[in-house]
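Visitor: Join the two chains into one complex using the hints; note that each chain is given alone, in its own frame.
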Amino acid sequence: KQEVTQIPAALSVPEGENLVLNCSFTDSAIYNLQWFRQDPGKGLTSLLLIQSSQREQTSGRLNASLDKSSGRSTLYIAASQPGDSATYLCAVRVNTGNQFYFGTGTSLTVIP
Amino acid sequence: DGGITQSPKYLFRKEGQNVTLSCEQNLNHDAMYWYRQDPGQGLRLIYYSQIVNDFQKGDIAEGYSVSREKKESFPLTVTSAQKNPTAFYLCASSIAGQGLLFFGEGSRLTVL
Numbered sequence: 001k002q003e004v005t006q007i008p009a010a011l012s013v014p015e016g017e018n019l020v021l022n023c024s025f026t027d028s029a030i031y032n033l034q035w036f037r038q039d040p041g042k043g044l045t046s047l048l049l050i051q052s053s054q055r056e057q058t059s060g061r062l063n064a065s066l067d068k069s070s071g072r073s074t075l076y077i078a079a080s081q082p083g084d085s086a087t088y089l090c091a092v093r094v095n096t097g098n099q100f101y102f103g104t105g106t107s108l109t110v111i112p
Numbered sequence: 001d002g003g004i005t006q007s008p009k010y011l012f013r014k015e016g017q018n019v020t021l022s023c024e025q026n027l028n029h030d031a032m033y034w035y036r037q038d039p040g041q042g043l044r045l046i047y048y049s050q051i052v053n054d055f056q057k058g059d060i061a062e063g064y065s066v067s068r069e070k071k072e073s074f075p076l077t078v079t080s081a082q083k084n085p086t087a088f089y090l091c092a093s094s095i096a097g098q099g100l101l102f103f104g105e106g107s108r109l110t111v112l
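Going down the list, the protein sequences come from chains Z and H. Letter 59 of the first sequence, counting from 1, is numbered 59 in our numbering, and no numbers are missing. Letter 61 of the second sequence, counting from 1, is numbered 61 in our numbering, and no numbers are missing.
The hints are simulated quantities; they were obtained by calculation from the structure and are not laboratory data. All C-beta atoms in this analysis are idealised placements derived from N, C-alpha and C, irrespective of residue type, glycine included. Incorrect hints may have been included.
With a straight-line Cα cutoff of 30 Å, these simulated DSS-like cross-link-like pairs (lysine-lysine) come out [unchecked claim]:
{"id": "1", "chain 1": "H", "residue 1": "83", "chain 2": "H", "residue 2": "9"}
{"id": "2", "chain 1": "H", "residue 1": "14", "chain 2": "Z", "residue 2": "1"}
{"id": "3", "chain 1": "Z", "residue 1": "42", "chain 2": "Z", "residue 2": "1"}
{"id": "4", "chain 1": "H", "residue 1": "71", "chain 2": "Z", "residue 2": "1"}
{"id": "5", "chain 1": "Z", "residue 1": "42", "chain 2": "H", "residue 2": "83"}
{"id": "6", "chain 1": "H", "residue 1": "83", "chain 2": "Z", "residue 2": "1"}
{"id": "7", "chain 1": "Z", "residue 1": "42", "chain 2": "H", "residue 2": "71"}
{"id": "8", "chain 1": "H", "residue 1": "57", "chain 2": "H", "residue 2": "9"}
{"id": "9", "chain 1": "H", "residue 1": "57", "chain 2": "H", "residue 2": "71"}
{"id": "10", "chain 1": "Z", "residue 1": "68", "chain 2": "Z", "residue 2": "1"}
{"id": "11", "chain 1": "H", "residue 1": "71", "chain 2": "H", "residue 2": "9"}
{"id": "12", "chain 1": "H", "residue 1": "70", "chain 2": "H", "residue 2": "9"}
{"id": "13", "chain 1": "H", "residue 1": "57", "chain 2": "H", "residue 2": "14"}
{"id": "14", "chain 1": "H", "residue 1": "70", "chain 2": "H", "residue 2": "57"}
{"id": "15", "chain 1": "H", "residue 1": "9", "chain 2": "Z", "residue 2": "42"}
{"id": "16", "chain 1": "H", "residue 1": "57", "chain 2": "Z", "residue 2": "1"}
{"id": "17", "chain 1": "Z", "residue 1": "42", "chain 2": "H", "residue 2": "14"}
{"id": "18", "chain 1": "H", "residue 1": "70", "chain 2": "Z", "residue 2": "42"}
{"id": "19", "chain 1": "H", "residue 1": "57", "chain 2": "Z", "residue 2": "68"}
{"id": "20", "chain 1": "H", "residue 1": "83", "chain 2": "H", "residue 2": "14"}
Interface residues of chain Z toward chain H, partial, derived using beta-carbon atoms under 10 Å [stated by the list, open to error]:
{"id": "21", "residue": "1"}
{"id": "22", "residue": "4"}
{"id": "23", "residue": "26"}
{"id": "24", "residue": "91"}
The shape of chain H in the complex, shown without the other chains (with noise of 0.2 Å):
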């Protein structure tokens, strides 16, 4: 089945350490995103990418980092200089120049 999977669902982190979350996707999809979700606030676009080797800044990038190295995959590394990266992460991808945008079920990292 074609779709976008997201690894780990669940992730504990220490104050101080990176993490990468894991995003692949098997759409033949040229964009990728990732967006943050914090409870009572939409969606925010931290990274997104439209081709390989390319990806440009969202509106909160600050404290992340991303690769797009191969189609398929864009993961996204916390790091330690974001001050509150407790959140539920969600990637997503499209076709480049159309509108339908699809979803993986999400990861939720928790700093403890």
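Chain Z on its own, in the form it takes in the complex (with noise of 0.2 Å):
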């Protein structure tokens, strides 16, 4: 069974910073990956979405990373901004079947 894990599982950083949020899966045979965000008592927003084909997506001040052979997924987010806190949550879809596995979340804080 897919597992799929998120580290750290919080994390705290000054205003401006860029900062990498860590995603990794334990079968790469996966069909895409999935970065969402989370605020608090609300449901998941989708960010980015990489097909297993493609190396990266961007998205204005966010840029996601896929490397299959290694199971390992990034989310690089430049010049943090206060409103960017929240928790976000990796996402990866199997070939087989029509499941999604998430991993449990990293809690980001952009202090001001």
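Guide: This is the structure:
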């Protein structure tokens, strides 16, 4: 069974700093990987989707990379802002079936 | 606006009662999912459905039931057999065969 791990569980940085969030998965036979943001008490908002054939995706200050062979993805946030404070989750969709497997998330706090 | 609507947002239940959480989507998505989220844990799949009148158990289906009579609706019933139902419940949908997952705003169930 696919297992997804996110380290660190929590991260606190000063405003303006660039930062990297990590996501690891155990089975490289994935269809795609998706990064989400979750604000307290809210649902998940999709940030970036990387197909298995892609190496990276960019949206504004966000850049996500994917290395299937090593079972890793990173989410790079440039010039962090207090509004970026939230929990960030990654999810992988496996090749077989239509299921998604989620990490436990990284709780990010950006200090003004 | 297209999206996923979950209701109610907050729900209180006495022990021994069944409750039903509503999930409606107007995205014309084939696949729908129910996840449970507990503090410090990742999202865990309860049930999912890829087409009308068909659904599959996820990792933690015991004590829950679903129906899929219409494409746009996927209600979840939390039965009295669920031993620890207090949690945050999230409904999601996707186009079958594609990876982009969309979420509702969630329903928080508290057992008194």
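Visitor: Let me make sure I understand: some of the numbered hints might not hold for this structure. Which ones are they, in numerical order?
Guide: 2 and 23
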